[in-house]
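Chains as they are written, first to last, in numbering that gives the first Met the number 0: chain F, 0 to 400; chain P, 0 to 325; chain C, 0 to 287.
Check each hint, because a few of them may be wrong.
Said to hold, decoys possible - When the alpha-carbon atoms are kept at most 25 Å apart in a straight line, the in silico SDA-like pairs for lysine to any residue are as follows:
| # | chain 1 | residue 1 | chain 2 | residue 2 |
| --- | --- | --- | --- | --- |
| 1 | F | K337 | P | A201 |
| 2 | F | K41 | P | G253 |
| 3 | F | K92 | P | A201 |
| 4 | F | K207 | C | G115 |
| 5 | F | K207 | C | A182 |
| 6 | F | K105 | P | L108 |
| 7 | F | K105 | P | G253 |
| 8 | F | K204 | C | L38 |
| 9 | F | K255 | C | F5 |
| 10 | F | K207 | C | R110 |
| 11 | C | K285 | P | L293 |
| 12 | F | K255 | C | T134 |
| 13 | F | K92 | C | G115 |
| 14 | F | K195 | C | I263 |
| 15 | F | K105 | P | V13 |
| 16 | F | K92 | P | L297 |
| 17 | C | K285 | P | L297 |
| 18 | F | K257 | C | Q262 |
| 19 | F | K92 | C | T134 |
| 20 | P | K137 | C | I263 |
| 21 | F | K105 | P | K32 |
| 22 | P | K145 | F | A232 |
| 23 | P | K137 | F | A148 |
| 24 | F | K92 | P | G253 |
| 25 | F | K257 | C | Y158 |
| 26 | F | K41 | P | R112 |
| 27 | F | K92 | P | R112 |
| 28 | F | K92 | P | S208 |
| 29 | F | K41 | P | W287 |
| 30 | C | K285 | C | V144 |
Said to hold, decoys possible - Here are some, though not all, of the chain P residues that point toward chain C, as calculated from beta-carbon distances under 10 Å:
| # | residue |
| --- | --- |
| 31 | L123 |
| 32 | A124 |
| 33 | Y131 |
| 34 | M206 |
| 35 | L209 |
| 36 | F211 |
| 37 | V302 |
What the hints assert, rightly or not - Pulled from the structure, derived: some chain P residues nowhere near chain C, Cβ distances all over 12 Å:
| # | residue |
| --- | --- |
| 38 | P25 |
| 39 | M35 |
| 40 | W89 |
Hints listed in this document are in silico derivations from the structure and should not be mistaken for laboratory results.
Since this is a predicted model, take the numbers as computed values, not measurements.
Glycine included, each C-beta is placed from N, C-alpha and C at the ideal position.
Residues per chain are reported as follows:
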Amino acid sequence: MNDNNVSSKRRSLLKGAAGAAGLAATGILHAPAVIAQPARLKVGLMLPYTGTYAALGNAITNAFKLYIAEKGGKVGGREIEYVVLDDESEPAKGVDNANRIVNRDKVDVLVGTVHSGVQAGMVKVSRESGVLSIIPNAGFGAATGQLCAPNIFRSSFSNWQTIHPLGKVMMEKGHKSCVWISWKYAAGEEMFGGFKEGYEKVGGKIVKEMWLPFPNVEFQALLTEIAAAKPDAVACFFAGGGAVKFVKDYDAAGLKGKIPLYGNGFVTDGTLQAQGSSAQGLLTTLHYADGLEFPKDKTFRLAYAKAYKLQPDVYAVQGYDAAQMLDVGLSAAKGDIKAQKQIVAAIEKATIDSPRGRFTISRAHNPVQDIYLRQVVGESNKFVGIAWKNLSDPARGCSMA
Amino acid sequence: MAMHDAQPRALALVLVIGLAGLAVFPIFGADEKFYMQFLAKVMVMAIFAMSLDLLIGYGGLVSLGHAMYFGLAGYTLMSLTPEYEGASLWISLAAALGVCALAALVVGLLVLRTSGIYFIMVTLAFAQMAYYVVHDSKYLGGSDGKYVYVKPVLSFFGWQPFSLDKLAAFYYVILGTLAGVYFLLRLLLASPFGHVLVGIKANEHRMRSLGFPTFSYKLVAFVIAGVLAGLAGYLAAALDGLVNPELLSWHQSGQALMMVILGGMGTPAGPILGAGALKLLELLLTSWTKHWQLLLGLFIVLVVLVFPNGLASLFGKRKRGGAEHG
Amino acid sequence: MDPAIFLIQLLNSLQYGLLLFLVASGLTLIFGIMGIINLAHGSFYMIGAYLAFSLTAAVGNFWLALFLGVLLSVALGLALEWLLIQRLYHRDHLYQVLLTYGLILIFEEARSLIWGDDVHGVQVPEFLNFSIPLTETLSYQVYRVVMSGICLLLAAAMYFLIQRTRLGMMIRAGATNREMVQALGINIGLLYRLVFALGIALAAFAGMLGSPISSVYPGMGNQVLIVSFVVVVIGGIGSVRGALVAALLIGIADTFGKVLVPQIAGMTAYLLMAAVLLWRPEGLFKRA
Chain F
0 MNDNNVSSKR RSLLKGAAGA AGLAATGILH APAVIAQPAR LKVGLMLPYT
50 GTYAALGNAI TNAFKLYIAE KGGKVGGREI EYVVLDDESE PAKGVDNANR
100 IVNRDKVDVL VGTVHSGVQA GMVKVSRESG VLSIIPNAGF GAATGQLCAP
150 NIFRSSFSNW QTIHPLGKVM MEKGHKSCVW ISWKYAAGEE MFGGFKEGYE
200 KVGGKIVKEM WLPFPNVEFQ ALLTEIAAAK PDAVACFFAG GGAVKFVKDY
250 DAAGLKGKIP LYGNGFVTDG TLQAQGSSAQ GLLTTLHYAD GLEFPKDKTF
300 RLAYAKAYKL QPDVYAVQGY DAAQMLDVGL SAAKGDIKAQ KQIVAAIEKA
350 TIDSPRGRFT ISRAHNPVQD IYLRQVVGES NKFVGIAWKN LSDPARGCSM
400 A
Chain P
0 MAMHDAQPRA LALVLVIGLA GLAVFPIFGA DEKFYMQFLA KVMVMAIFAM
50 SLDLLIGYGG LVSLGHAMYF GLAGYTLMSL TPEYEGASLW ISLAAALGVC
100 ALAALVVGLL VLRTSGIYFI MVTLAFAQMA YYVVHDSKYL GGSDGKYVYV
150 KPVLSFFGWQ PFSLDKLAAF YYVILGTLAG VYFLLRLLLA SPFGHVLVGI
200 KANEHRMRSL GFPTFSYKLV AFVIAGVLAG LAGYLAAALD GLVNPELLSW
250 HQSGQALMMV ILGGMGTPAG PILGAGALKL LELLLTSWTK HWQLLLGLFI
300 VLVVLVFPNG LASLFGKRKR GGAEHG
Chain C
0 MDPAIFLIQL LNSLQYGLLL FLVASGLTLI FGIMGIINLA HGSFYMIGAY
50 LAFSLTAAVG NFWLALFLGV LLSVALGLAL EWLLIQRLYH RDHLYQVLLT
100 YGLILIFEEA RSLIWGDDVH GVQVPEFLNF SIPLTETLSY QVYRVVMSGI
150 CLLLAAAMYF LIQRTRLGMM IRAGATNREM VQALGINIGL LYRLVFALGI
200 ALAAFAGMLG SPISSVYPGM GNQVLIVSFV VVVIGGIGSV RGALVAALLI
250 GIADTFGKVL VPQIAGMTAY LLMAAVLLWR PEGLFKRA
């Protein structure tokens, strides 16, 4: 992020991004300064800008702003103004921060966040206040399950969704039994649930579950166990620094050539530079991949790289699509944020032309999307095929589904 | 309420003005839901910090596991709250405080055998164990935590004077609790018990040779502090409507510790001042810049270098430790 | 457990324990000798890892990067002691806690400003980048063995420095009686500055040495901070020997905890600490 306005109430995107050389270069800043009749639409971005997930928060923010800038700084005829808040990925402050951005800064739309624990607090505030909310990452199942609500959408994935197809993939490769390994925390358990369901349905057998205390990264003891158990394959979920270390340790322990490793895409996303040769050839499933031949993906990548001098990742795609979803809804309501029914109905009906491929929105408000099989080649997660076409989260416990 | 001679007048004045300001705020700011909630949270943290100061400032017992009781009370409330109706305030509060008292008694019996830095670390150890129990327990909501769906219901034999769903009502309940805890602690410290506690901090050996069962005194203080922390935790969980394991984390304990030291330990108003200053500063800095942590860090370093006895020392000189207290 | 697997797990414990020792030794020195509680110790571990990442990329040689990194961290340690820490010697421990907590925030943000928030990796030096097969399926990374060797060497060097040299004698004396040492005409201020720099350099060195296997990421310091404190406390504050024993114990508890009692794996280190302290309230090796 080039500008560092965190919660300036008055700054519009245009002013805020004036310092952003990248955006200026695209020429979109020269939109005529119209005197807009309606007040600006306040978009709250409550995301992590410090701590472990800061890179994700920045990618989402960048791409969201990119889309809005492409639309001349307006959606549904209304100029956008940002209120940005660092949630620190600190669940203890989740409710306080969500309250602050909704009840003090009075945002019209709430976008966020990455960390599921913080999301739990945000969902609560969203439900109570009724503010239109779009989740650009956190895959925590309940947000579009038990706690689903008409005003809450997600532009990313549910934990279940990203890994459910993996079992089928592994079975097709002939791995009839496997060991599961992940961190012992809510996301890890949700991923496990999704994987187990998919794998056992096609006759796979999980011979052993291994859980590491979160966020411990000493894998050696469990790798030794895996080597002793000699399963057909290993399925895993880790992310960030832990994913880097796990993949490197797995390789260094000599397991890589002998017991194939699978996981969902978070194991190899944003981590490939750090993982180096250890990650080469790994197969993972996710709702985005490198080398998707969609025109939308190409233009998105070009525009993002040009604006921010960075390659976009899956998190950027999710941020971009959050903005697209907002655009669809608000355009249908001609910029009237109060017409929430109309907005919701429009998003529910929409087909979003995402860089990841077109997707629709389920009745629980989660994307119904293709999950891709990808393989690590160099520093990219190359598209191999579609692991599951139009996969929809089961949305268990959601009264709208 | 104001003129305690042990406390500098300026500080007492600040306290009175502050409390009065808190009391009238809802009249003007009732529409400002965020600020109401923010101040309510500050007061809850102030209660939490005061409970810790009883240990640190008066008993000389630096605990880095105090959040354990804060969190346990919240989780007790969550467990007792059905999905569609509120738990009875009296029953759930009594249960929460009871759980905290019991936990503090058991932990206290073990940890009070150690002292100094070892005490810091064993209290941390027990809190971390409690943290992992909650974090790894599916029934308690695991790492994502769980909602307290409905606020507790306050009723006297079936008569409900007001509903805690009304933020203003809840706000005053918290304000009343804050004032209550403050006076309770002042009473406690002015009592013979308080004198012995302060004496133990100054010289435990002497107190023991004078015939005081120092261990029992420390244990009682430890349990009281645990119960008061639980009171704060109960209010926090009811206010947020959500509990998660971070309530028991060492960061939470550390934050309370920061508030106590920042405000001035061993001064009755110090923790309140510290809680207010830290929360307010965070609010201002996060509103202002993305690099707020850098500024907060610099501020903390400066306070240590410039105000050797915490912010309370801004309002007049006073010997630290509260030995002359009461 | 298969005896071969048992031995391998023991090796894993040893390797983890030794790296822990390296981080914790600096902490116990600063703590025991200077009486300073340094919460920012984990931050220096993180800074070390990031330095290894940048310097390796800049100079192209991991070992040269290590050397330069140590020089830089010594300089940082000296500067910090001169600027801040020396003002804390006569203050209550709690102000040290507060100040060094402030430092954590500052260093984390500085890290974000200098290096950004991405995850990075450091390449294992080419000639060590291979593994020895132990069983049919399992190999052991040679770099890990070398790393353990370096940790052992450092432990021996520290023992020698403290027990057998004049500097060590002054350090030991300074820890017990500051005034007397001063009266003997030893510049205690300088001595403390050196000890602080040494402690910081040890933490940073641990971060650098571990970087090829641990990867480099935001917040990595917080993870080692608490466990290093646990090591220091179990071992007995100020005791380097105690830190070594405690680190190995934690290594064993962590490794076997994960395998044998995975339900409570997160707690094993704390359980161990609580048990030790209830048995010996001042740690295993009380400072002589």
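Hints and how they fare:
1. The suggested pairing of K337 of chain F with A201 of chain P is violated, with an alpha-carbon distance near 63 Å, which exceeds 25 Å.
2. With a C-alpha separation of about 35 Å, the suggested pairing of K41 of chain F with G253 of chain P is violated against the 25 Å cut-off.
3. Our distance criterion of 25 Å between C-alpha atoms is broken by K92 of chain F and A201 of chain P, whose separation comes to about 37 Å.
4. A threshold of 25 Å between alpha carbons decides the hint, and for K207 of chain F with G115 of chain C the separation of about 38 Å lies outside it, so the pair is violated.
5. Distance hint between K207 of chain F and A182 of chain C is unfulfilled; the C-alpha atoms sit about 65 Å from each other, more than 25 Å.
6. The suggested pairing of K105 of chain F with L108 of chain P is violated, with an alpha-carbon distance near 49 Å, which exceeds 25 Å.
7. Under the criterion of a C-alpha separation no larger than 25 Å, the hint pairing K105 of chain F with G253 of chain P is inconsistent with the structure, at around 31 Å.
8. Distance check on the hinted pair: K204 of chain F and L38 of chain C sit about 46 Å apart at the alpha-carbon level, beyond 25 Å; violated.
9. The suggested pairing of K255 of chain F with F5 of chain C holds, with an alpha-carbon distance near 22 Å, which does not exceed 25 Å.
10. In summary, the hint linking K207 of chain F to R110 of chain C is not supported, as the alpha carbons are separated by about 39 Å, beyond the 25 Å threshold.
11. Note on K285 of chain C and L293 of chain P: the hinted pairing is violated, with a Cα-Cα distance of about 38 Å set against a maximum of 25 Å.
12. Of the pairs offered as hints, the one joining K255 of chain F and T134 of chain C holds, with about 14 Å between alpha carbons and a cut-off of 25 Å not exceeded.
13. Distance check on the hinted pair: K92 of chain F and G115 of chain C sit about 24 Å apart at the alpha-carbon level, within 25 Å; holds.
14. Annotation: proposed proximity of K195 of chain F to I263 of chain C holds, straight-line Cα distance about 23 Å (limit 25 Å).
15. Distance restraint check for K105 of chain F and V13 of chain P: the Cα-Cα separation of roughly 32 Å exceeds the 25 Å cut-off, and the hinted pair is therefore not satisfied.
16. With a CA separation close to 22 Å, the supplied pair K92 of chain F and L297 of chain P stays within the 25 Å bound.
17. At most 25 Å may separate the alpha-carbon atoms for a hinted pair to count; K285 of chain C and L297 of chain P exceed this at roughly 36 Å.
18. For the given pair, K257 of chain F sits about 28 Å from Q262 of chain C by alpha-carbon distance, which is inconsistent with the 25 Å threshold.
19. A distance of roughly 48 Å separates the Cα atoms of K92 of chain F and T134 of chain C; the hinted pair therefore is violated under the 25 Å criterion.
20. Proposed proximity of K137 of chain P and I263 of chain C is supported: the alpha carbons are some 14 Å apart, at most 25 Å.
21. Only pairs whose Cα atoms come within 25 Å are accepted, and K105 of chain F paired with K32 of chain P is accepted, the gap being roughly 10 Å.
22. The hinted pair formed by K145 of chain P and A232 of chain F fails the criterion: a straight-line CA distance of about 35 Å is larger than 25 Å.
23. For the given pair, K137 of chain P sits about 24 Å from A148 of chain F by alpha-carbon distance, which is consistent with the 25 Å threshold.
24. This hinted pair checks out: K92 of chain F and G253 of chain P have alpha carbons roughly 15 Å apart, not beyond 25 Å.
25. Only pairs whose Cα atoms come within 25 Å are accepted, and K257 of chain F paired with Y158 of chain C is rejected, the gap being roughly 43 Å.
26. Proximity of K41 of chain F to R112 of chain P is assessed by CA-CA distance (about 56 Å); at most 25 Å being required, the pair is judged violated.
27. With a C-alpha separation of about 35 Å, the suggested pairing of K92 of chain F with R112 of chain P is violated against the 25 Å cut-off.
28. Pair hint K92 of chain F plus S208 of chain P does not hold up; C-alpha atoms about 47 Å apart against a cutoff of 25 Å.
29. As the CA atoms of K41 of chain F and W287 of chain P are separated by approximately 17 Å, the hinted pair is consistent with the 25 Å bound.
30. Simply put, K285 of chain C and V144 of chain C have alpha-carbon atoms about 31 Å apart, too far for the 25 Å limit, and the pair is violated.
31. Because the beta carbon of L123 of chain P sits about 8 Å from the nearest beta carbon in chain C, less than 10 Å, this interface hint is met.
32. The criterion of a C-beta within 10 Å of any C-beta in chain C is met by A124 of chain P, whose closest approach is roughly 4 Å, and the hint holds.
33. For Y131 of chain P, the interface hint holds, the least distance from its beta-carbon to any beta-carbon of chain C being 4 Å, beneath 10 Å.
34. With 10 Å as the threshold, the beta carbon of M206 of chain P stays out of range of chain C, its nearest partner Cβ sitting at about 19 Å, so the hint is violated.
35. Contact between L209 of chain P and chain C, as hinted, is not supported at the beta carbon level, the nearest pair being about 23 Å apart and thus beyond 10 Å.
36. About 21 Å separates the beta-carbon of F211 of chain P from the nearest beta-carbon of chain C, more than 10 Å, and the hint is not met.
37. The interface hint given for V302 of chain P is met, as the beta carbon of that residue sits about 7 Å from the closest beta carbon of chain C, less than 10 Å.
38. For P25 of chain P, the non-interface assignment is confirmed: its Cβ lies about 33 Å from the closest Cβ of chain C, beyond the 12 Å cut-off.
39. Chain C leaves M35 of chain P outside its interface by the beta-carbon criterion, the shortest separation being 29 Å against a cut-off of 12 Å.
40. Remark: the non-interface label on W89 of chain P is consistent with the geometry, its nearest Cβ contact in chain C lying 34 Å away (cut-off 12 Å).
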